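Undergrad: So the sequence lines, in the order shown, correspond to chains A and B. Under full-length UniProt numbering, the residue at position 275 of the first sequence is numbered 275, and the numbers go up by one with no gaps. Under full-length UniProt numbering, the residue at position 49 of the second sequence is numbered 49, and the numbers go up by one with no gaps.
Where hints are given, some of them may not hold.
[Stated by the list, open to error] Facing chain A, from chain B, some residues (calculated, C-beta under 7 Å):
| hint | residue |
| --- | --- |
| 1 | Ser100 |
| 2 | Arg195 |
| 3 | Asn288 |
| 4 | Gly302 |
FYI, nobody ran anything at the bench for these hints, they're computed from the structure. In this text the structure is predicted, and so the values were computed from the model without any measurement. Every residue gets a Cβ at the ideal spot worked out from N, C-alpha and C, and that includes glycine.
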Amino acid sequence: MSWRAVIAGIGATEFSKSSGRSELQLACEAVVAALADAGLTPADVDGLVTFVKDSNPEIEVARSTGMGELSFFSRIGYGGGAGCGTIQQAMLAVEHGVAAVVVCYRAFNERSGVRFGLGHADQPMSATAERAAYSWLTPYGLNTPAQEVALFARRYMHEYGATSEDFGRVAVVDRRHAATNPKAWFYGRPITLEEHQASRWIAEPLHLLDCCQETDGGQAIVVVAEDRVADLPHIPVRILGAAQGSGADQHLMTSYYRSEITGIPEMGLVGRQLYAQSGLRPDDIDAAIIYDHFTPLVLPQLEELGFCGRGEAAGFIADGNLELDGRLPMNTHGGQLGEAYLHGMNGIAEAVRLVRGTSVNQPASVERVLVTAGTAVPTSGLILGA
Amino acid sequence: MNNMTPATSETSAALDAALVGFVGRTLLPRTRAQDPVNLPMIRHWVEAMGDTNPIHTDEGAALATGRSGLVAPATMAQAWTMRGYAAHRRRIAGDLPADSEEQRLTTLLASVGYTAIVATDSEFEFVRELVVGDHLSVEEVIESISAEKVTALGTGRFLRTVRTYTNQDGEVVARQRWTTLRFRPKVREPELAPRPRPALNEDNAWWFDAAREHRLLVQRCADCGTLRHPPGPCCPHCQSFTWDTVEASGRGTVYSYTVAHHPRHPAFDYPLLIGVIALEEGTRLIANILVDAAGAEPDAVGDYVHVDAPVALEWLDLDDELTLPAFRVVTEEKH
Numbered sequence: 001m002s003w004r005a006v007i008a009g010i011g012a013t014e015f016s017k018s019s020g021r022s023e024l025q026l027a028c029e030a031v032v033a034a035l036a037d038a039g040l041t042p043a044d045v046d047g048l049v050t051f052v053k054d055s056n057p058e059i060e061v062a063r064s065t066g067m068g069e070l071s072f073f074s075r076i077g078y079g080g081g082a083g084c085g086t087i088q089q090a091m092l093a094v095e096h097g098v099a100a101v102v103v104c105y106r107a108f109n110e111r112s113g114v115r116f117g118l119g120h121a122d123q124p125m126s127a128t129a130e131r132a133a134y135s136w137l138t139p140y141g142l143n144t145p146a147q148e149v150a151l152f153a154r155r156y157m158h159e160y161g162a163t164s165e166d167f168g169r170v171a172v173v174d175r176r177h178a179a180t181n182p183k184a185w186f187y188g189r190p191i192t193l194e195e196h197q198a199s200r201w202i203a204e205p206l207h208l209l210d211c212c213q214e215t216d217g218g219q220a221i222v223v224v225a226e227d228r229v230a231d232l233p234h235i236p237v238r239i240l241g242a243a244q245g246s247g248a249d250q251h252l253m254t255s256y257y258r259s260e261i262t263g264i265p266e267m268g269l270v271g272r273q274l275y276a277q278s279g280l281r282p283d284d285i286d287a288a289i290i291y292d293h294f295t296p297l298v299l300p301q302l303e304e305l306g307f308c309g310r311g312e313a314a315g316f317i318a319d320g321n322l323e324l325d326g327r328l329p330m331n332t333h334g335g336q337l338g339e340a341y342l343h344g345m346n347g348i349a350e351a352v353r354l355v356r357g358t359s360v361n362q363p364a365s366v367e368r369v370l371v372t373a374g375t376a377v378p379t380s381g382l383i384l385g386a
Numbered sequence: 001m002n003n004m005t006p007a008t009s010e011t012s013a014a015l016d017a018a019l020v021g022f023v024g025r026t027l028l029p030r031t032r033a034q035d036p037v038n039l040p041m042i043r044h045w046v047e048a049m050g051d052t053n054p055i056h057t058d059e060g061a062a063l064a065t066g067r068s069g070l071v072a073p074a075t076m077a078q079a080w081t082m083r084g085y086a087a088h089r090r091r092i093a094g095d096l097p098a099d100s101e102e103q104r105l106t107t108l109l110a111s112v113g114y115t116a117i118v119a120t121d122s123e124f125e126f127v128r129e130l131v132v133g134d135h136l137s138v139e140e141v142i143e144s145i146s147a148e149k150v151t152a153l154g155t156g157r158f159l160r161t162v163r164t165y166t167n168q169d170g171e172v173v174a175r176q177r178w179t180t181l182r183f184r185p186k187v188r189e190p191e192l193a194p195r196p197r198p199a200l201n202e203d204n205a206w207w208f209d210a211a212r213e214h215r216l217l218v219q220r221c222a223d224c225g226t227l228r229h230p231p232g233p234c235c236p237h238c239q240s241f242t243w244d245t246v247e248a249s250g251r252g253t254v255y256s257y258t259v260a261h262h263p264r265h266p267a268f269d270y271p272l273l274i275g276v277i278a279l280e281e282g283t284r285l286i287a288n289i290l291v292d293a294a295g296a297e298p299d300a301v302g303d304y305v306h307v308d309a310p311v312a313l314e315w316l317d318l319d320d321e322l323t324l325p326a327f328r329v330v331t332e333e334k335h
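One chain only, chain A, in its complex shape (with noise of 0.2 Å):
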């Protein structure tokens, strides 16, 4: 089954570590060259979905660059598990009429600005069950997301016996894939398995290299319906499945009272729901892009979606199956790790320019791409395919 909604668009501001513009002018940069890449104005769009994590309010963005009426403006929540669910809901609107061009963005100054990395251990007060969550973690000194990952990462390993070197491999594929995408803030700057290991402690079992960059920059996606494609200078990308998903008993990165925690059910849940929709198996997929804010993640959402079984991950990637000729070429853009830390949004535009056949690390044959979106928080997930 296809959606009448395809990707027509996609365009980004440059990946950097200062941009020195607001935030607002790379949203409209990044939804000015997207709307351009589909061959289309913002006097087109009539739809907008971001992040609630976004500082950029959709009538900014539509104001600033000249949209016209919205009738349909939609925010997802998470953090990074919105990603892959901002194109849902643009998917969803165009389904049901209610827009026909959506453009899905997100932008910050995330490195020149607030740093999701220095933690949340001094945000505002208040009484709210959101705010109350962190009682629990803070403190404690429990406030970065790295140290909210190494706890399900220790685990891991305890019950699987995998290691450091495992969660590694994951980033000297990612460096590797970074150094030859000329975008990539390391580009020309890939990663032995040693220097990994050599990499300074952030929260024990992650090292440095086990975590992504932060980036400024803003990444903009452009849904539109179906019967628009004559007019588009690409070929249409369709989605085959576009899923969103929370797990029973979920916490903001810390599912630590589960009976296990050594999985990540949210996206076994994305996962299930992409496969039914789209009437394909894991064997059906040619690459994918998964979200990899940090390494040891990577592997549960591998078991999650059907690519290995539970606690195989280290063995399928160890045998060179993410690599560009292996059997499921992972995060060709260099994922987060390596090209640029955009809550995964860039994530999606290198699975647009798959099925387009023009990543600059085009593997050889791929129809279709499975996405994922941040983990440890609901999440989401999509296929994309020609």
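We have chain A already, so just place chain B on it with the hints.
TA: Just chain B now, with coordinates in the frame of chain A:
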């Protein structure tokens, strides 16, 4: 002067030998006071001290006691030979001749980190009264140097000297036993900022209230009896909004843990051990893990904890508002 080489037993023994050689030596050769005993300075002193004895300022009263004239307060003996504050600072900062005994001793003590000095005792013996016009001199001889002592100020040695005050005729007017502590100032731990506060509301404040009373509570559904943590208003199993609590035994195991290194929050010492603790009652909670790692490199604290390690509850009374549970890894010997 700021060499902070930590003392080991070896360096301490070498220091003992070197210091023995100083005993009996003259720390300060006979040095003449800048000014003779004079009335204006006496007036300052008695006013500051509240000394109303007329023999210091009223010549007639002094004569009436059978004295030949005004006498200075006996305890001024040291004051007549003191330099001004600025001159004293200059002397400490380097005006001492390099070959002087005082400089040699100072250098030796500083080489093991005894850079600080505080006077701890002064014991006077007065021999003659000081009359206006007397001109004093002082000489200081080292009487003893103690073994290394641990004090509240820091580790150091007590240096006892005898200062002999003489007048212009060479007659002894006073003797003073003067004790100073030469010590290694304690490196003060930087003050930690207050820990991040929990955001309290109707659903969680009771838990932190109990923690201040050193009670680790687990929320329990009053209808179906299911325990839950973190707490919430509604039972996820039976949807009851009625609940009570049970007090946890404090025994459990490490379900997972991390050793946090970077970035550092000013409220915590790093590396920082944080764990997911599985209580024997069946719920889990996040808490700091404590380990008995005395003498270990700070970076090796992770070697003292492992998944499934048994732990026991302790309480961290952090400040007036905040008490949190922590869990100490129970070592094998303690089983």
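Undergrad: Hint by hint, say whether it matches the structure.
TA: Hints and how they fare:
About 49 Å separates the beta-carbon of Ser100(B) from the nearest beta-carbon of chain A, more than 7 Å, and the hint is not met. For Arg195(B), the shortest C-beta to C-beta distance to chain A is roughly 5 Å, which falls under 7 Å, so the interface hint holds. Restraint check, Asn288(B) versus chain A: the minimum CB separation of about 5 Å is within 7 Å; hint holds. With its C-beta approaching chain A no nearer than about 5 Å, Gly302(B) sits inside the 7 Å limit, and its interface hint holds.
Hint compliance for this structure: hint 1 is the single one not met.
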